[in-house]
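A.B. asks: Generate the whole structure from the sequences, applying the supplied hints.
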Amino acid sequence: MSKEKGVCFFAYNNEQIDYIKLAILAAAHVKKHLNVPVTVITDEGTYSWLKSSHDIGKSSKYIDDVVITEDEMQTNPRKHWDSPWSSFNAPFLNGNKHKIWKYSPYEKTLLLDIDYMVRNDFLNHSWDQYTGVCMYSQACDLRNELPGSRERFLFDAGIPMWWSTVVYFDRTEVSKLFFDMWEHISENYDYYQYLYNFPGKLFRTDYCVSIATHILNGMVSGDHINSFPNQLINMDQKDDIVEVRDNSEWIMLSNDTNEKWKNILVNNKSLDVHCMNKRAIDRHYDKIMETVK
Amino acid sequence: MDERLQKALEFSNYSLTITNQKKNIKNRINQIRIVHYNNGVFFADEQTISFIKTLIDLEHKSVVLIDTKENPVEVENLKELLNNLTSAYFSATNELNAEFVKIKKQRTVKQIMDW
Chain A
-19 MSKEKGVCFF
-9 AYNNEQIDYI
1 KLAILAAAHV
11 KKHLNVPVTV
21 ITDEGTYSWL
31 KSSHDIGKSS
41 KYIDDVVITE
51 DEMQTNPRKH
61 WDSPWSSFNA
71 PFLNGNKHKI
81 WKYSPYEKTL
91 LLDIDYMVRN
101 DFLNHSWDQY
111 TGVCMYSQAC
121 DLRNELPGSR
131 ERFLFDAGIP
141 MWWSTVVYFD
151 RTEVSKLFFD
161 MWEHISENYD
171 YYQYLYNFPG
181 KLFRTDYCVS
191 IATHILNGMV
201 SGDHINSFPN
211 QLINMDQKDD
221 IVEVRDNSEW
231 IMLSNDTNEK
241 WKNILVNNKS
251 LDVHCMNKRA
261 IDRHYDKIME
271 TVK
Chain B
0 MDERLQKALE
10 FSNYSLTITN
20 QKKNIKNRIN
30 QIRIVHYNNG
40 VFFADEQTIS
50 FIKTLIDLEH
60 KSVVLIDTKE
70 NPVEVENLKE
80 LLNNLTSAYF
90 SATNELNAEF
100 VKIKKQRTVK
110 QIMDW
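Protein chains in written order, with the numbering used here: chain A, -19 to 273; chain B, 0 to 114.
None of these hints come from the bench; they were simulated from the model.
Do not rely on the hints blindly, as some may be mistaken.
[Said to hold, decoys possible] Think about it this way: if two alpha-carbon atoms lie no more than 25 Å apart in a straight line, the pair counts; the simulated BS3-like pairs of lysine-lysine are:
1. B:68 x A:242
2. B:25 x A:156
3. A:88 x B:68
4. A:240 x B:109
5. A:-17 x A:82
6. B:52 x B:109
7. A:249 x B:22
8. B:103 x A:249
[To be verified] Pairwise CB distance ranges (calculated):
9. A:55 x B:100: 50 to 58 Å
10. A:222 x B:25: 21 to 29 Å
11. B:102 x A:239: 48 to 56 Å
[What the hints assert, rightly or not] Not close to chain B: a few residues of chain A, all C-beta gaps over 10 Å, as computed:
12. 108
13. 209
14. 251
The C-beta atom is built at its ideal place from N, Cα and C for all residues, glycine as well.
C.D. replies: Structure, rendered in structure tokens:
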């Protein structure tokens, strides 16, 4: 019998990023602020790494269930940044994210990316608030500015972008349709890239959910897929964390994309943050963990 | 560098940082002002609070309201919604006031960051 509600994370390690380590931190945030069960979906190799390299006893304080998958995923090479001055390449394994419908043990699920740090209880409203699927359709950066046009629309005259960073869903027929559509788009990604004219070689689940939403809304703007009433706050890969304080304050550096030698300091207190610079989280891992224990 | 230019650039950096910090605080405050009620989403602003109070004064018991997403929401207990809205409103304004009092005294980027 499935459980009532909970949060799920996907975590597949690669040679550069210890995703399972980040998943433990993200799960600790969920436990502190949402206080719901957490399931991590991973593969055998990553799970073995968790058992051998991290304190399994400690991690089980934050992670209630582990689902081991055997999906074959295509290599999805991605260039990651750690500030504007340092970059590295690593595969990004996200090809099976739509299978959360199958893997989630919950009736009502919040699927979060492992770099999404929950820092207040706002998402707890989701459980009773939404029927079907809910995601973010509005985002801003650390300067409270809108993302670039390519992060707001799939192309200049394209459909609006939705974010797959936070996906809430229940077990209704609409949710099933949504995940079936997402799967179909994943399987025919090249065709949909041609049809919707979005750029790049990286397989992005944000594009998949945007197209699925567009199609399910009848190819027009609609509200069959819910959007969260607040904004997703994105910390860019070129931004950094300077200091983590006990009172939920993070002092961050927001980089100027046009003049990359310029930064401003930002004090983020108690707002959820999508921390795309994973190395920055890693540098402050122990201190961040202390604040959510 | 010319001292006048250096001072102007320092002030420019300070202005940019403090403006962003105020936006950050407002972002947090606006999230506190979001009230979920009976599957609807309301924003705790002066207009909504006044409107609900007017409906109560006119002795309406249950009404259908349009929420911020333009969906109709049946409200059986207007007083409860008013309480939720005013509570969210004052939580937000008190926090905003506390943060602004703090930020007003800060004259450098270091002070804004509480260093």
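A.B. asks: Look at each hint and say if it fits the structure.
C.D. replies: Going through the hints against the structure:
The straight-line distance between the Cα atoms of residue 68 (chain B) and residue 242 (chain A) is roughly 38 Å, outside the 25 Å bound, and the hint therefore fails. Pair hint residue 25 (chain B) plus residue 156 (chain A) does not hold up; C-alpha atoms about 37 Å apart against a cutoff of 25 Å. Taking the CA atoms of residue 88 (chain A) and residue 68 (chain B), the gap is about 22 Å. The hint holds against a cut of 25 Å. A C-alpha spacing of about 21 Å is found between residue 240 (chain A) and residue 109 (chain B), which places the hinted pair at or below 25 Å, so the restraint holds.
A C-alpha spacing of about 14 Å is found between residue -17 (chain A) and residue 82 (chain A), which places the hinted pair at or below 25 Å, so the restraint holds. Restraint check for residue 52 (chain B) and residue 109 (chain B): the C-alpha separation of about 44 Å exceeds 25 Å, so the hint is violated. Among the hinted pairs, residue 249 (chain A) with residue 22 (chain B) is consistent with the structure: their alpha-carbon atoms are about 12 Å apart, no more than 25 Å. Note on residue 103 (chain B) and residue 249 (chain A): the hinted pairing holds, with a Cα-Cα distance of about 18 Å set against a maximum of 25 Å.
Checked against the hint of 50 to 58 Å, the C-beta distance between residue 55 (chain A) and residue 100 (chain B) comes to roughly 54 Å, which is consistent with it. A hinted range of 21 to 29 Å holds for the C-beta pair residue 222 (chain A) and residue 25 (chain B), which are about 22 Å apart. Range check, residue 102 (chain B) to residue 239 (chain A): about 26 Å between beta-carbon atoms, so the 48 to 56 Å window is missed. A beta-carbon of chain B comes within 10 Å of the beta-carbon of residue 108 (chain A); the shortest separation is about 8 Å.
A beta-carbon of chain B is positioned within 10 Å of the beta-carbon of residue 209 (chain A); the least distance is around 5 Å. Look at residue 251 (chain A): its CB is around 6 Å from the nearest CB on chain B, not clear of 10 Å, so calling it non-interface is violated.
Hint check: violations occur at hints 1, 2, 6, 11, 12, 13 and 14; the rest are consistent with the structure.
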